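In order, the protein sequence lines correspond to chains C and X.
Numbers 3 to 433, taken from my numbering, label the letters of the first sequence in order.
Numbers 7 to 302, taken from my numbering, label the letters of the second sequence in order.
Worth flagging that the hints you see were computed from the coordinates, not collected in a lab.
Every value quoted in this text rests on a predicted model; they were computed, and no experiment measured them.
We put the CB at the ideal spot given by N, CA and C, even for glycine.
One or more of the hints may lead you astray.
Said to hold, decoys possible - Partner residues aside, some chain X positions facing chain C, computed with beta carbon under 7 Å:
{"hint": "1", "residue": "12"}
{"hint": "2", "residue": "14"}
{"hint": "3", "residue": "15"}
{"hint": "4", "residue": "138"}
{"hint": "5", "residue": "205"}
{"hint": "6", "residue": "212"}
To be verified - Result set (BS3-like, lysine-lysine): computed pairs, CA atoms no more than 27 Å apart in a straight line:
{"hint": "7", "chain 1": "X", "residue 1": "129", "chain 2": "C", "residue 2": "57"}
{"hint": "8", "chain 1": "C", "residue 1": "57", "chain 2": "C", "residue 2": "161"}
{"hint": "9", "chain 1": "X", "residue 1": "134", "chain 2": "C", "residue 2": "269"}
{"hint": "10", "chain 1": "C", "residue 1": "57", "chain 2": "X", "residue 2": "134"}
{"hint": "11", "chain 1": "X", "residue 1": "132", "chain 2": "C", "residue 2": "251"}
{"hint": "12", "chain 1": "X", "residue 1": "88", "chain 2": "C", "residue 2": "269"}
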Amino acid sequence: MKSKTYLTLLFVLVLVVIAALFDLSIIGNRPFKLGLDLQGGSHLVYQADLSQIEKKDWASTMEGLRDVIERRINLFGVGEPIVQTERVGDSWRLIVELPGIKNVSEAIKMIGQTPYLEFREPKPNYDELVEKNKDKLESGEMEIDELFQPTSLTGRYLKKAQVTLDPNTYEPRVSLQFNEEGARIFEELTERNIGKPLAIYIDDVLISAPVVKEKISHGRAQITGRFTPEEAKKLARNLSAGALPVPIKLISQETVGPTLGAISLEKSLRAGLIGFLAIVIFMILFYRLPGLLASISLVIYIILVLALFKIIPVTLTLAGIAGFILSIGMAIDANVLIFSRMREERKEQKSFERVIEDGFSRAWPSIRDSNVTTLIVALILFGLGTSFVKGFALTLGLGILVSIFSAIFVTKNFLRCFINTRLEKWQILWK
Amino acid sequence: MANTMEINFVKYRKIFFTISTVMILASVVSLCLFGLRWGIDFVGGSVIEIEYKNNRPSLEEIKHSLKNIDAGEISVQEIGEKGIILRTQEISDEIHQKIIDTLRSSGEFQETRFEFIGPVVGKETKDKTKIVIFLALVSILLYITLAFREVSWPVSSWQYGIATLIALFHDVLIPIGIFAILGKLYMVEISVPIITALLTVFGYSVNDTVVVFDRIRENLLKRNLSFEETVNKSLNETLSRSISTSLTTLFVLLAIFFFGGHTLRYFSLALILGISLGTYSSICLASLILISWKRS
Chain C
3 MKSKTYLTLL FVLVLVVIAA LFDLSIIGNR PFKLGLDLQG GSHLVYQADL SQIEKKDWAS
63 TMEGLRDVIE RRINLFGVGE PIVQTERVGD SWRLIVELPG IKNVSEAIKM IGQTPYLEFR
123 EPKPNYDELV EKNKDKLESG EMEIDELFQP TSLTGRYLKK AQVTLDPNTY EPRVSLQFNE
183 EGARIFEELT ERNIGKPLAI YIDDVLISAP VVKEKISHGR AQITGRFTPE EAKKLARNLS
243 AGALPVPIKL ISQETVGPTL GAISLEKSLR AGLIGFLAIV IFMILFYRLP GLLASISLVI
303 YIILVLALFK IIPVTLTLAG IAGFILSIGM AIDANVLIFS RMREERKEQK SFERVIEDGF
363 SRAWPSIRDS NVTTLIVALI LFGLGTSFVK GFALTLGLGI LVSIFSAIFV TKNFLRCFIN
423 TRLEKWQILW K
Chain X
7 MANTMEINFV KYRKIFFTIS TVMILASVVS LCLFGLRWGI DFVGGSVIEI EYKNNRPSLE
67 EIKHSLKNID AGEISVQEIG EKGIILRTQE ISDEIHQKII DTLRSSGEFQ ETRFEFIGPV
127 VGKETKDKTK IVIFLALVSI LLYITLAFRE VSWPVSSWQY GIATLIALFH DVLIPIGIFA
187 ILGKLYMVEI SVPIITALLT VFGYSVNDTV VVFDRIRENL LKRNLSFEET VNKSLNETLS
247 RSISTSLTTL FVLLAIFFFG GHTLRYFSLA LILGISLGTY SSICLASLIL ISWKRS
């Protein structure tokens, strides 16, 4: 019996030492992952407008959009950005996380400014329209836009854009190279519009409308728009970094400055430490030696949970730390239940060993029940919640699971060590 | 010795009932009078938080300097020693920059936080939260049904269930009432964190009650005491355990409330209120309701 106890404790000790070394980054150099609210940074949510895209292509379009934005952000140089797509019901989102960014406004502008390139073709009754509205068009009463209709050829089919010089006028122009699919669409488009203009729009603004002379099948096009060399260069660079395949709109933003992040982290950690000390003092005053043992197993609990945070890895947000701190308060509950029960068992003049065993076995249903309800709620919150809720639910849930382990394996075996020792008889220690 | 001292909860139950009834009525009245102040999480809007380096200008000065900005109504509130919080409808990044630039003349400061939530996202959060609340309620109901599925003498299992629900309702409604008052007095908003806290109270407080009920049923099996005596005995037996477990949890929550910074303040307050009330109701409400039912 006793050797089994010592063996279990030895196992716990080894586990804890490894976990502690891991926590302190002495082994396995892996830092804690901090959320944007603790390290400072920006969380942006964009809504993609997929109305012009066929439903079956939505997922692949979103992937393209993500790649484009990712390239853009990498140009901007932020440490470890995250760009991911998210589907909410029928709408598709793009989530951009920029940790440690200083100038969010500029980043937003840059993401938003990514030019949206599209080709528009003349409406079927183009000639008629031009004929009828000649005067209005000349006087500017009618916009040229009204002569054109959207096509499926947009920046999403673009492979490359670069600045070239017009061999005749030596004016800078932007040369476009489409990918295979884009080249095919462009071929169809030019074929059916021979002799008519094809309008090139960037961000809804007409840049040029060259007249198609013949079918173009190699997927190359030029934009000439009386650019200065600088403008042409910028446009080419932005287009190759990625013309946005679909328009996007910023629908939510959360930015936390690095100072507030650091203060939040420091304050929440201090709160955790103070709470922990209060528990230790209370437990020792109220439960004596068992209280001390429970405090030691609480330390073990904290070391193990922190190691788990690193291994999984859990991104620690302020809510996550709050959940973890709350779980410290709840982790000790199991010990309280056991010790209360042990006190009752002692009144029945049982042997020390029986007090421990019965105390544990009779407290177990309560421990199980009290953790189950909190765990159920944590699961629901994790499954459905927003990011705040998820962080909280995850650390709380993890904490509860580890706390059951620490109460059953650690505290119980600590207590068993005292069976048949002189300390066992020392009433004041156990009270 | 604490072992021999017994508190006669049953005798004082009318006082406990009165206290709880008054608190619930007060909550309902303040909810009707003030309503809840929903945060931008749910209705959309923008929040700008800045921290002045030296002196914080008065709220009037700040409001005055911003009066030409086209951002609808801007509410300004002091926070901490040198900080202010601006709340507006949802604004674009340009207007946000305009506000910051305008404020530059009021003193040196740092923008610590900017949050912007569009109405669509707000509505989604609202819908999602409704589902979460519904699921939490259903699963807690299922849990209660399971916990009390064996009929026990002399009150039936559904009566245990209803008493638990009354206690649960009590534990969550009163904090909501208090937040209605705080919203009126200090512009405290109901945010996602506060809802999360109250849902956690849901899970936490129900088992406080269940533990006491379990003990009552365990003691009833011995059948040498009357129902009133059994309830009172069970309450006394679980009293120290109930108080200790809540105390340890309250220690960490109070630490977060006082030392954890303003971001977590109302989140921890909601938990503190809910868990304290949960302990109170499991001792002084749920079991005593059973006695009153049995008598009538």
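Given the proposed pairing of residue 88/X with residue 269/C, does the C-alpha separation stay at or below 27 Å? Holds. Residue 88/X to residue 269/C sits at ~17 Å (cutoff 27 Å).
Hey, residue 129/X versus residue 57/C, does the alpha-carbon distance stay inside 27 Å? The hint holds at about 24 Å.
Do the alpha carbons of residue 134/X and residue 269/C lie within 27 Å of each other, as the hint requires? 30 Å, violated
Would the hint on residue 212/X stand, with a C-beta cut-off of 7 Å toward chain C? Nearest chain C Cβ about 5 Å off; hint holds.
Below or equal to 27 Å on CA atoms is what counts here, so check residue 57/C against residue 161/C. 23 Å, holds
CA of residue 57/C to CA of residue 134/X, is that 27 Å or under? Holds. Residue 57/C to residue 134/X sits at ~25 Å (cutoff 27 Å).
Can we keep the residue 15/X interface hint, with Cβ of chain C closer than 7 Å? This interface hint is violated because 18 Å lies over the 7 Å limit.
Given a cut of 7 Å on the nearest C-beta pair, is the interface hint for residue 205/X held or broken against chain C? Since the shortest Cβ distance to chain C is 6 Å, the answer is holds.
Supplied contact hint for residue 138/X, tested at 7 Å Cβ to chain C: Interface hint status for residue 138/X: holds (5 Å vs cutoff 7 Å).
Restraint satisfaction for residue 12/X [CB to CB of chain C, less than 7 Å]: At 14 Å from the nearest chain C Cβ, residue 12/X fails the 7 Å test, so the hint is violated.
Check the hint pairing residue 132/X with residue 251/C against an upper bound of 27 Å on the C-alpha distance. Given that 27 Å is the threshold and the Cα spacing comes to 21 Å, the pair holds.
The hint names residue 14/X as touching chain C; please verify it with the least Cβ-Cβ distance against 7 Å. 20 Å, violated
Hint check: violations occur at hints 1, 2, 3 and 9; the rest are consistent with the structure.
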